[in-house]
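Colleague: Sequence:
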Amino acid sequence: MLYSQRPLTEIAWRSPEVFDAIVVGARCAGSPTAMLLARMGYGVLLVDRATFPSDTLSTHYITPDGTARLKEWGLFERVLATGVEPYRGIARSIQGFSIPPDRSEPEAIAPRRTVLDKILVDAAREAGAEVREGVSVDGLIVEDGSVAGIRAHRGEDAFEERARIVIGADGRESFVARQVNAPEYNEGGGTTAGYYTYFRGFTHDGPELYLNDGAAHFVFPTNDGEVCVGVEFVAERFKEFRGDIEGNFRADLEAFGPLAERFRRAERTSRIFGLAPHKGFYRKPFGPGWALVGDAGYYRDPLLGQGINDAFRDAEGLTEALGAVLAGRETFEVALGAYETARNEATFMLYGLTNLLCQDLNPSPEVLQMMMSGPPAPAPAG
9 MLYSQRPLTE IAWRSPEVFD AIVVGARCAG SPTAMLLARM GYGVLLVDRA TFPSDTLSTH
69 YITPDGTARL KEWGLFERVL ATGVEPYRGI ARSIQGFSIP PDRSEPEAIA PRRTVLDKIL
129 VDAAREAGAE VREGVSVDGL IVEDGSVAGI RAHRGEDAFE ERARIVIGAD GRESFVARQV
189 NAPEYNEGGG TTAGYYTYFR GFTHDGPELY LNDGAAHFVF PTNDGEVCVG VEFVAERFKE
249 FRGDIEGNFR ADLEAFGPLA ERFRRAERTS RIFGLAPHKG FYRKPFGPGW ALVGDAGYYR
309 DPLLGQGIND AFRDAEGLTE ALGAVLAGRE TFEVALGAYE TARNEATFML YGLTNLLCQD
369 LNPSPEVLQM MMSGPPAPAP AG
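Numbering-wise (the numbering used here), the sequence shown opens with residue 9 and increments by one.
Treat each hint with caution, since some may be false.
[What the hints assert, rightly or not] Straight-line C-alpha distance at most 20 Å; calculated DMTMM-like pairs for lysine to aspartate or glutamate: (1) Lys126 / Asp63; (2) Lys126 / Asp232; (3) Lys287 / Glu244; (4) Lys292 / Glu181; (5) Lys79 / Glu134; (6) Lys79 / Asp63; (7) Lys126 / Glu85; (8) Lys79 / Asp28; (9) Lys287 / Glu192; (10) Lys79 / Asp130; (11) Lys287 / Asp368; (12) Lys292 / Glu353; (13) Lys287 / Glu195; (14) Lys126 / Glu138.
[To be verified] Taking CB as the label site, the calculated pair distances span: (15) Met357 / Glu113: 16 to 24 Å; (16) Gly197 / Pro373: 13 to 21 Å; (17) Gly336 / Glu113: 36 to 44 Å; (18) Asp252 / His286: 18 to 26 Å; (19) Arg273 / Gly251: 23 to 31 Å.
Just so you know, these hints were derived from the structure itself, not from any lab.
Source: prediction; values computed, not measured.
Where is the CB? At the ideal position from N, CA and C, for every residue including glycine.
Start from the sequences, fold in the hints, and give me the full structure.
Modeller: Printed below as a string of structure tokens:
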């Protein structure tokens, strides 16, 4: 291994300009991480190659757990002010078995990422984090076996910055994770692919999810009266489907009874976005001078739409762990090990269920029972 295991508290400050943390990636995992650390009073640099507002591939459904965190952070009303409508419960149809929405559920929302990510970035900046947009990270600085900072550029200007910890919040294909050779474990089984787009005039009574006949269809009301409509299917169909995305997407919705008539009457307002298949995984989310959060550390097929909630939860868990380390209350290994365990315990049941569903999108009676009852599962090894 390139990196020796050494507690963060043993890593000396290297100059007066060293940040407490550098966060690479400023979307749903990175910006909350930077915001929460900055609110604790730590010096944080947040960088992203994108500029905001900007879009990204996303089912953009935020579960009630996620909206609860937005409320705790003081951001929920800001998101609502962008024109996204809250709703309670989802109408589901699984193998022809209809489950009406539970209107007693807490609020959920499905904002466009163009508005959500901008709010999160601004909140990090307001909390005191230094935010640099349009930055590409070229490499990590490693000293004495520990990550000590980043080498990056913005436009023609190259720069280096140092920190007590570098956090990869840069998504499934995380540059930070690759640079530190973060070990992967519990690789997922089946995967899906899919396409989605946005419509005006698509009538609805809240979000809808269908899992029937080897495909999943979803409807999510989003900002400004638009509705996100999509289809997911097993990975083997991806090559054939992308051969004629427009034609296949249209043919699929016209043939799917619950959506066909509404689709014909609606006006499409965007291009069609595609999600390529990719196996799920867990990554070791910490090592000497580095940590991972969000999809960089744990990725599950997006079929069940929990990604933003996962990012918010793990941002909160990571910042609590790092806060204990930076304040000298806990060692790096103990605090970050507890963060990894909590992440795995919170996700493993749904991870296993998703992998079973993605194998053929035809849930067996046993899987259907799991979806209805949600039994516990053991935490993964690793």
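Colleague: Could you run down the list of hints and mark each one as holding or not?
Modeller: Quick rundown of the hints versus the structure:
The suggested pairing of Lys126 with Asp63 holds, with an alpha-carbon distance near 10 Å, which does not exceed 20 Å. Straight-line distance between C-alpha atoms of Lys126 and Asp232 comes to about 16 Å, which keeps the hinted pair within the 20 Å bound. Our distance criterion of 20 Å between C-alpha atoms is met by Lys287 and Glu244, whose separation comes to about 13 Å. For the proposed pair Lys292 and Glu181, the alpha carbon gap of about 14 Å is at most 20 Å, so the pair holds.
Under the criterion of a C-alpha separation no larger than 20 Å, the hint pairing Lys79 with Glu134 is consistent with the structure, at around 16 Å. Distance restraint check for Lys79 and Asp63: the Cα-Cα separation of roughly 23 Å exceeds the 20 Å cut-off, and the hinted pair is therefore not satisfied. Note on Lys126 and Glu85: the hinted pairing holds, with a Cα-Cα distance of about 14 Å set against a maximum of 20 Å. This hinted pair does not check out: Lys79 and Asp28 have alpha carbons roughly 26 Å apart, beyond 20 Å.
Proximity of Lys287 to Glu192 is assessed by CA-CA distance (about 12 Å); at most 20 Å being required, the pair is judged to hold. Between Lys79 and Asp130 the alpha-carbon distance is near 16 Å, which keeps this suggested pair within the 20 Å criterion. With a CA separation close to 14 Å, the supplied pair Lys287 and Asp368 stays within the 20 Å bound. For a cut-off of 20 Å, the pair hint linking Lys292 to Glu353 stands: about 14 Å separates their Cα positions.
The suggested pairing of Lys287 with Glu195 holds, with an alpha-carbon distance near 7 Å, which does not exceed 20 Å. A threshold of 20 Å between alpha carbons decides the hint, and for Lys126 with Glu138 the separation of about 15 Å falls inside it, so the pair holds. As the Cβ distance of Met357 to Glu113 is approximately 19 Å, the hint placing it in 16 to 24 Å holds. The hint said 13 to 21 Å for the Cβ distance between Gly197 and Pro373, and at roughly 19 Å that hint holds.
The hinted range of 36 to 44 Å is satisfied by Gly336 and Glu113, whose Cβ atoms lie roughly 41 Å apart. For Asp252 paired with His286, a C-beta distance near 22 Å keeps the hint of 18 to 26 Å intact. Distance hint check for Arg273 and Gly251: the Cβ-Cβ separation is about 27 Å, which falls inside the suggested range of 23 to 31 Å.
Of the hints listed earlier, those the structure fails to meet are numbers 6 and 8, in rising order.
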